Amino acid sequence: MARSGSPVARGAVAVGAAVLAACLAATGTTAAAGAGSSTGPDEPVTTPLRIITYNTDAQLEPEAALHDLAVIMRRDPDIITLQEMASPAKRAAVRATYVDCDGCVWGTNMPGPPVPGETPILYRADRFELKASGSVQVTEPTYVGPAGAGPSTINAKYVNWVRLLDRESGRPVYVLNNHAVPSVQGRSGGPNRHFPKRLEIFRTHMDGLQDLVRGITENHWGLVFVTGDLNVNFRRDEVLAPAMFPYRKLGDVGLQASYEALSEPTIGTHTLRSGNDTRLIDYVYFLPRKPLQPSGQRVMRGLSSDHRPLLVDFDVKVSGTVGATGD
Numbered sequence: 108m109a110r111s112g113s114p115v116a117r118g119a120v121a122v123g124a125a126v127l128a129a130c131l132a133a134t135g136t137t138a139a140a141g142a143g144s145s146t147g148p149d150e151p152v153t154t155p156l157r158i159i160t161y162n163t164d165a166q167l168e169p170e171a172a173l174h175d176l177a178v179i180m181r182r183d184p185d186i187i188t189l190q191e192m193a194s195p196a197k198r199a200a201v202r203a204t205y206v207d208c209d210g211c212v213w214g215t216n217m218p219g220p221p222v223p224g225e226t227p228i229l230y231r232a233d234r235f236e237l238k239a240s241g242s243v244q245v246t247e248p249t250y251v252g253p254a255g256a257g258p259s260t261i262n263a264k265y266v267n268w269v270r271l272l273d274r275e276s277g278r279p280v281y282v283l284n285n286h287a288v289p290s291v292q293g294r295s296g297g298p299n300r301h302f303p304k305r306l307e308i309f310r311t312h313m314d315g316l317q318d319l320v321r322g323i324t325e326n327h328w329g330l331v332f333v334t335g336d337l338n339v340n341f342r343r344d345e346v347l348a349p350a351m352f353p354y355r356k357l358g359d360v361g362l363q364a365s366y367e368a369l370s371e372p373t374i375g376t377h378t379l380r381s382g383n384d385t386r387l388i389d390y391v392y393f394l395p396r397k398p399l400q401p402s403g404q405r406v407m408r409g410l411s412s413d414h415r416p417l418l419v420d421f422d423v424k425v426s427g428t429v430g431a432t433g434d
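Once you know that position 301 of the sequence shown is 408 in the working numbering, the rest is easy, because the numbers rise by one and skip nothing.
Simulated from the structure, these hints should not be mistaken for lab results. This one's a predicted model, so the numbers in the text were calculated from it and none came from an experiment. Be careful, since some hints might not be right.
Said to hold, decoys possible - With a straight-line Cα cutoff of 25 Å, these simulated BS3-like cross-link-like pairs (lysine-lysine) come out:
id	residue 1	residue 2
1	K397	K424
2	K424	K238
3	K397	K238
Construct the entire structure; sequences and hints are all you get.
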């Protein structure tokens, strides 16, 4: 497929995809006693996996962001992906509280510079072994003008990723976290043709994300999750399915949104200034595979951001190599 965007952006994605592919070597397995559960002698042994994604709102002070994260932690997630975390103070507070302290059980891919650091990934280090991680630039900084949400110049967009080994299931787990450019969806639910530069950024981001996912799915085996604030309302995207929007773009590489696999929640993950709170723009996409079954989801209320966290549960079949000699 021909790629859009400038040669610099295309080159950055190509290099990033090559680096990611080089890091995605086959993952060894580690024995883990007592992992998972079974409903009967003929049922597969499974272990639960909980993922929460949350846009923390760039305007939130570190104290408010930490309070929200503490609420999320009480839900016992295994993986947390965040957006709008460019503030060095917010990221430092999260690291000090959950990653770098004595007795902390969380690991992270949290790049230091503010722009790639905007979308960190947290994972339970007592459950997962980090095998590789990185940050891939998929777009360039672009002036879009004052109209629309966000700044007049949209920063470069990065996809932060991790490759983990799940000690409980024995399976590789890939997580790719995103925050897409806003104001790309029109009132009808299709692309907002009033903002062509924003649409070009979005298209380039989705193309780059497709390349990264293909680099995993065509060359490696494992559980694949794409998360984040994609700024497109699933309720309309599923109906209209524009070629450049997530339902089609991520569907083309085999991914499925939790909203499609389970159901569309009544409340949304984002509240507009008008008070409309039904939009589903924050996502957990996953690659449907036999060992992975989505089992539930909920939109969490009562936090400080204009977004609401999306919590998605999965059941993961425990590999035969966990506590055994073969798969």
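Here is how each hint holds up against the structure:
no. : hint         : result
1   : K397 to K424 : holds, 8 Å
2   : K424 to K238 : holds, 20 Å
3   : K397 to K238 : holds, 23 Å
Checked against the numbered hints given earlier, the structure satisfies every one of them.
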